[in-house]
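One line per chain: the protein sequences are A and B, in this order. Residues in the first sequence are numbered consecutively from 1, following my numbering. Residues in the second sequence are numbered consecutively from 1, following my numbering.
Calculated directly from the structure, the hints in this document are not laboratory data. Check each hint, because a few of them may be wrong.
Copies of the same chain are indistinguishable here, so a pair counts whether it falls within one copy or spans any two.
[Said to hold, decoys possible] Pairs of lysine-lysine residues, derived as BS3-like cross-links and limited to a Cα-Cα distance of at most 27 angstroms, are as follows: (1) Lys-160 - Lys-106; (2) Lys-160 - Lys-495; (3) Lys-161 - Lys-98; (4) Lys-404 - Lys-333; (5) Lys-98 - Lys-160; (6) Lys-495 - Lys-251; (7) Lys-471 - Lys-61; (8) Lys-471 - Lys-404; (9) Lys-306 - Lys-61; (10) Lys-306 - Lys-161; (11) Lys-160 - Lys-329.
There are 2 protein chains.
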Amino acid sequence: MLTQRIRYAPLLDKVVTADEAATHIRDGMTVATSGFTPFGYPKRVPQALADRVRRTGEPMKLTLLTGASVGDQLDGALARAGIVDRRFPYQTNDDTRKSINQGAIKYQDLHLSHVAQEVRYGFFGDIDVAIIEAVAITEDGGIVPSTSVGNSPTFVQKAKKIIVELNLNQPSGLEGMHDVYIPADPPARQPIPLVHPSDRIGTPFIPTDPEKIQAVVITDIPDAPPADAPGDAVADTMAGHLVEFLRHEVKVGRLPSNLLPLQSGVGALANAVLRGLLDAGFDDLTMYSEVVQDSVLDLIDAGILKVASASSITFSGRVLTRFLSQLDKYRDKIILRPQEISNNPEIIRRLGVIAMNTAIEVDIYGNVNSTHVLGTNVMNGIGGSGDFARNAYLTIFTTRSIAKDGNITSIVPMVSHVDHTEHDVKVIVTEQGVADLRGLCPRERARRIISCCAHPDYRDMLSDYLERAEKAGGKHTPHILDEALGWHCAFLKWKTMKPMALQPSRKTG
Amino acid sequence: MLTQRIRYAPLLDKVVTADEAATHIRDGMTVATSGFTPFGYPKRVPQALADRVRRTGEPMKLTLLTGASVGDQLDGALARAGIVDRRFPYQTNDDTRKSINQGAIKYQDLHLSHVAQEVRYGFFGDIDVAIIEAVAITEDGGIVPSTSVGNSPTFVQKAKKIIVELNLNQPSGLEGMHDVYIPADPPARQPIPLVHPSDRIGTPFIPTDPEKIQAVVITDIPDAPPADAPGDAVADTMAGHLVEFLRHEVKVGRLPSNLLPLQSGVGALANAVLRGLLDAGFDDLTMYSEVVQDSVLDLIDAGILKVASASSITFSGRVLTRFLSQLDKYRDKIILRPQEISNNPEIIRRLGVIAMNTAIEVDIYGNVNSTHVLGTNVMNGIGGSGDFARNAYLTIFTTRSIAKDGNITSIVPMVSHVDHTEHDVKVIVTEQGVADLRGLCPRERARRIISCCAHPDYRDMLSDYLERAEKAGGKHTPHILDEALGWHCAFLKWKTMKPMALQPSRKTG
Chain A
1 MLTQRIRYAP LLDKVVTADE AATHIRDGMT VATSGFTPFG YPKRVPQALA
51 DRVRRTGEPM KLTLLTGASV GDQLDGALAR AGIVDRRFPY QTNDDTRKSI
101 NQGAIKYQDL HLSHVAQEVR YGFFGDIDVA IIEAVAITED GGIVPSTSVG
151 NSPTFVQKAK KIIVELNLNQ PSGLEGMHDV YIPADPPARQ PIPLVHPSDR
201 IGTPFIPTDP EKIQAVVITD IPDAPPADAP GDAVADTMAG HLVEFLRHEV
251 KVGRLPSNLL PLQSGVGALA NAVLRGLLDA GFDDLTMYSE VVQDSVLDLI
301 DAGILKVASA SSITFSGRVL TRFLSQLDKY RDKIILRPQE ISNNPEIIRR
351 LGVIAMNTAI EVDIYGNVNS THVLGTNVMN GIGGSGDFAR NAYLTIFTTR
401 SIAKDGNITS IVPMVSHVDH TEHDVKVIVT EQGVADLRGL CPRERARRII
451 SCCAHPDYRD MLSDYLERAE KAGGKHTPHI LDEALGWHCA FLKWKTMKPM
501 ALQPSRKTG
Chain B
1 MLTQRIRYAP LLDKVVTADE AATHIRDGMT VATSGFTPFG YPKRVPQALA
51 DRVRRTGEPM KLTLLTGASV GDQLDGALAR AGIVDRRFPY QTNDDTRKSI
101 NQGAIKYQDL HLSHVAQEVR YGFFGDIDVA IIEAVAITED GGIVPSTSVG
151 NSPTFVQKAK KIIVELNLNQ PSGLEGMHDV YIPADPPARQ PIPLVHPSDR
201 IGTPFIPTDP EKIQAVVITD IPDAPPADAP GDAVADTMAG HLVEFLRHEV
251 KVGRLPSNLL PLQSGVGALA NAVLRGLLDA GFDDLTMYSE VVQDSVLDLI
301 DAGILKVASA SSITFSGRVL TRFLSQLDKY RDKIILRPQE ISNNPEIIRR
351 LGVIAMNTAI EVDIYGNVNS THVLGTNVMN GIGGSGDFAR NAYLTIFTTR
401 SIAKDGNITS IVPMVSHVDH TEHDVKVIVT EQGVADLRGL CPRERARRII
451 SCCAHPDYRD MLSDYLERAE KAGGKHTPHI LDEALGWHCA FLKWKTMKPM
501 ALQPSRKTG
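For reference, chain A alone in the conformation it holds in the complex:
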């Protein structure tokens, strides 16, 4: 059986325990792994390393690069063991996040499409060890990834040593779903020959120099699917607004009747919004995104979505089982690519992707905060949202109008951190409605966002800020600078942004 998974015979002799494999990792190294969302990441060697460091007390500080977020057996295990010195480019792990915000892990969150090429450009120094989860090794030593591709092709290309985690829990039927293309670097780069989401332009495996594979670890640990997102009336309302908006764009001739390739951010809200397309009357849809979530499989099963291109699957347990047990049915409908290609500006702009991402907060001028809570603590990171938002045909951000039981308004005078600028953001959707910002000057954008998207509890306060700012001075982007972040300051003091917290008498108290 193993010879069907490891088809390059010399590597059969490289099968070792996770502990043995982990001996290749030493203090000060840069380790790069597979994984994009909690899918397709190595699950044994990182844990073995963490256990060893705990046992021996040896000094161990690593730079860890991944595709994007990964599962707890990697990010959590290493963070809890205090092994991670630097972390790129994205994370969603509780312990990693805590360590970052405590200053213990140095984290720079990066556009996901940038990472692979910047590794090749040498911006991150050498990659000492790559750990890649695989479903098979081909006759020539090529690595067949599992449930995500991420940055693995470039990590494999650049790493001095490679450790393969061959995961027998991942069905070998995943082979054939991947399309691995690595662009040449400037000045030799050529056009990426992809003109439709269904195009295959590379190989179904990662071309690998098998001499670099130092160890193969056999595992059977499943991915860590997110919980099944419960139904959510607010998200359904937002999905309804979005569908209505898209229908209108088709009606006035700004979108074809089968829309254009869809991109959707990761998470429960994004998943719910996509689910809204199930009974929207659209047909012959395509997706060019970074992940394939539950609702995408539903859309495929319903015959509405013809093809989905991404870098990873991100299914809940229930849907994952459905997917893994019917791989033949999905093999020509789901394509997994390197994130450098799934998130590539060249292709996103060429295809005319409709980008739908979620925001933490949005200001009245349309600037979006996707990463920071109250300007300081990072939540996850920018991920791929910037790759898509900047280059899309239409850039849409969704957010609930309020958070924390209504004590936070997601529409504020000035966001406390900017990840997507006013220049990039075309449409804002909350459960209150849709603000189409195209062609509007900042003051008009402010009025439209307040009236269409802000929660009624906060509309008067926002309008009051805008009107006083207009009277105070310049009228292009009116602001009262010593109040602009006052709403966040009020929340820090009184745990609410509600009017009482912003009353001048209390404010100076």
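Put chain B on the given structure of chain A with help from the hints.
Leaving out everything else, chain B in the frame of chain A:
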């Protein structure tokens, strides 16, 4: 003579006065013109329209689209006549800026590469009239642009009516310098077949339906070249830092010895920085930028720069004369393209452009403000800086460390407006030095920017802010939100950001 300029004979009968041509323009219309920097813009018809409106007192409110900034005979004349209701996508005109900041003109500044496709997508509604400056009309009615291309190809394609300003002051020898390529729109768009800055992929004229040309106005008004920028020791110092940085990148193997295609923003500082390459020892350079400034012609004349691709020339009077009198010498070394191509993300990323743009202010975490003074009044606009900064091989921003006689520090705790986020900015250069931000977490970026780039007068204050913010709470991006914009507030009150203005006793006064 005129038959050599107007080679499509039926159009000889369309030659009219500027006043007659301007009768095509009526209240409520969207007018789109040629022009990118004060080069290649229509100079007679806008003035005739402004004069008529002043004379008749007729109601007249227009939406005005251009390539980028244009000369005063267009932007200034229409702004002063109160004719402009909306203005896209960029401006640098004193009277237009004043009207925007007074709330009289509604201005949305847009990424320059986005405009043409969004016009075709229908995001700006119909284009009623296009006014295009030309040096000739071909045998088939094609328009040969003058000293810029801008958005003219798409404006010509989409406009209901076209007015040509045939400018006899512009040498007919400009013909052959342009390369006009209009991508198809999604889902039919194909890879843009440009792999080197010298590639020609289109036609040397704008394909035009001559039936749409309603009027040809003969003019002889020269472009409005900017003043010859005087020598500037501070800019020379910055250029020195930049050259040293680039040399280091070559030395460590992160850039080839002839670098990669250069992009440089518009203006005196950008021009001075490029001039620094004259005696830097580099050779065989190329440029893929949006404008060709004085120093570029110097680099070409010195044999250092092989080819410069842009959307416009922007020479001072002295250099313009040199250029226009030796067009044959420059015809194979300078290529003028639609800004949709000169600034295209696909090509910028493929070629690996080194992007060098100027900032108004930069914060300690590397966020860049390129557009707003004190968060509210717009200076010019984002222009093409975002197109390049986001997609470049290396993204560099330059700024003087202080402004207004030292009363403003360009390095602040938090910028008052974000145009380029921390995720995009790799290197900051001031006359104090270079901060290479690659691979650094926010706190490390802050320390490096303060120590390498901030003016010594402000370093202690910035370090003090950072240290207190670190103690106050979250350690990923430490901020004290009620102080973060306090430096700008201090300037608004006391016209200085210097320490005394930020003393707590005075601050609460």
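Structure-based check of each hint:
1. When the C-alpha separation of Lys-160 and Lys-106 is checked against a cutoff of 27 angstroms, the pair qualifies only within one copy, where the shortest distance is 24 angstroms, while the shortest distance between copies is 56 angstroms.
2. Proximity of Lys-160 to Lys-495 under the C-alpha cut-off of 27 angstroms is found in neither arrangement, the shortest distances being 50 angstroms within a copy and 56 angstroms between copies.
3. For a Cα distance limit of 27 angstroms, the shortest separation of Lys-161 from Lys-98 qualifies neither inside one copy, at 30 angstroms, nor across copies, at 61 angstroms.
4. Taking identical chains as interchangeable, the C-alpha atoms of Lys-404 and Lys-333 are never at most 27 angstroms apart, the minima being 39 angstroms within one chain and 60 angstroms between chains.
5. Taking the closest pair of Cα atoms, Lys-98 and Lys-160 never come within 27 angstroms of each other, the shortest separation being 31 angstroms inside a single copy and 59 angstroms across copies.
6. For the homomeric pair Lys-495 and Lys-251, neither the shortest alpha-carbon distance inside one copy (44 angstroms) nor that between copies (53 angstroms) is at most 27 angstroms.
7. For a Cα distance limit of 27 angstroms, the shortest separation of Lys-471 from Lys-61 across copies, 24 angstroms, qualifies, whereas the shortest one inside one copy, 54 angstroms, does not.
8. Proximity of Lys-471 to Lys-404 under the C-alpha cut-off of 27 angstroms is restricted to the inter-copy arrangement: shortest distance 26 angstroms between copies versus 32 angstroms within a copy.
9. For the identical chains of this complex, Lys-306 and Lys-61 are neighbours neither inside a copy (46 angstroms) nor across copies (47 angstroms), given an alpha-carbon limit of 27 angstroms.
10. In this assembly of identical chains, the alpha carbons of Lys-306 and Lys-161 never lie at most 27 angstroms apart, being 39 angstroms within a copy and 41 angstroms across copies at closest.
11. In this assembly of identical chains, the alpha carbons of Lys-160 and Lys-329 never lie at most 27 angstroms apart, being 38 angstroms within a copy and 50 angstroms across copies at closest.
Checked against the numbered hints given earlier, this structure breaks hints 2, 3, 4, 5, 6, 9, 10 and 11; the rest are met.
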